[in-house]
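Residue numbers (our numbering), protein chains in the order written: chain L, 1 to 116; chain B, 1 to 116.
Treat the hints as calculated values from the structure; they're not laboratory data. Mixed in with the good hints, there may be bad ones.
One copy or two, either will do: identical chains are not told apart, so a pair holds if it fits within one copy or between any two.
As the list claims (entries may be wrong) - Distance condition first, Cα-Cα at most 20 Å in a straight line; then the derived EDC-like pairs of lysine to aspartate or glutamate:
| hint | residue 1 | residue 2 |
| --- | --- | --- |
| 1 | Lys114 | Asp14 |
| 2 | Lys87 | Glu75 |
| 3 | Lys103 | Asp35 |
| 4 | Lys87 | Glu44 |
| 5 | Lys114 | Asp92 |
Protein chains: 2
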Amino acid sequence: MEAPEIINHTYTFDISHADAQLLNSEVLCQGALRDLIAAAGMTELQSLTHQFSPQGVSVVSLLAESHIALHTWPELKTGYITLTTCKEPNDDFEGLATEIIQKAFTASTVAMRKLQ
Amino acid sequence: MEAPEIINHTYTFDISHADAQLLNSEVLCQGALRDLIAAAGMTELQSLTHQFSPQGVSVVSLLAESHIALHTWPELKTGYITLTTCKEPNDDFEGLATEIIQKAFTASTVAMRKLQ
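Extracted from the complex, chain L is given alone in its bound form:
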């Protein structure tokens, strides 16, 4: 009995040596996620944010194609973003996403891992 196939991938972007103040801004974090959603060619349905005390932000957006989320640790100048999707992102997504994240958080390192 063959299972019908639902392709799903998770892309993880590990951010380090970034700007603490930018990593702690809910508005900026949401903006970065929206730029990534556009770069992937996906559609946002609903979004949720959480501001941790004394610092740290989590944002998650449900997409028509699954979800994307971001979690930051400003005190460590780090964070990570995962895109989990049942649809292949646009061809140039991996490079474009790295560039968007580097610029948004002035991060000197963005490393990508992929689960497929």
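We have chain L; now place chain B onto it with these hints.
Just chain B now, kept in the frame of chain L:
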């Protein structure tokens, strides 16, 4: 320059040959995620659900330890759940999670993948 380390893992559980009606129930999907959060020893902060038309459910919960999400395709009797976390789940999580998912959706197959 060494980056401060934030450990993060993604566990993906691919569900197949499950009950279509159960996969299409928002309430049941939310309940299954809450059982998984408890099994992992994690804390839910906020939750978001989306019912697709004509069928399909997405649920995502922000956790104190990152996030967990579920996406279902009742018409294919499939779905998947991802737990993305900055903290190791409880030791018995992998086996317990598989059992929780199998029972919740009467799924004959639950396959786990891990990105670390």
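How the hints compare with the structure:
no.: 1; hint: Lys114 / Asp14; verdict: both (11 Å within a copy, 16 Å between copies)
no.: 2; hint: Lys87 / Glu75; verdict: between (34 Å within a copy, 17 Å between copies)
no.: 3; hint: Lys103 / Asp35; verdict: within (11 Å within a copy, 39 Å between copies)
no.: 4; hint: Lys87 / Glu44; verdict: within (14 Å within a copy, 27 Å between copies)
no.: 5; hint: Lys114 / Asp92; verdict: within (15 Å within a copy, 25 Å between copies)
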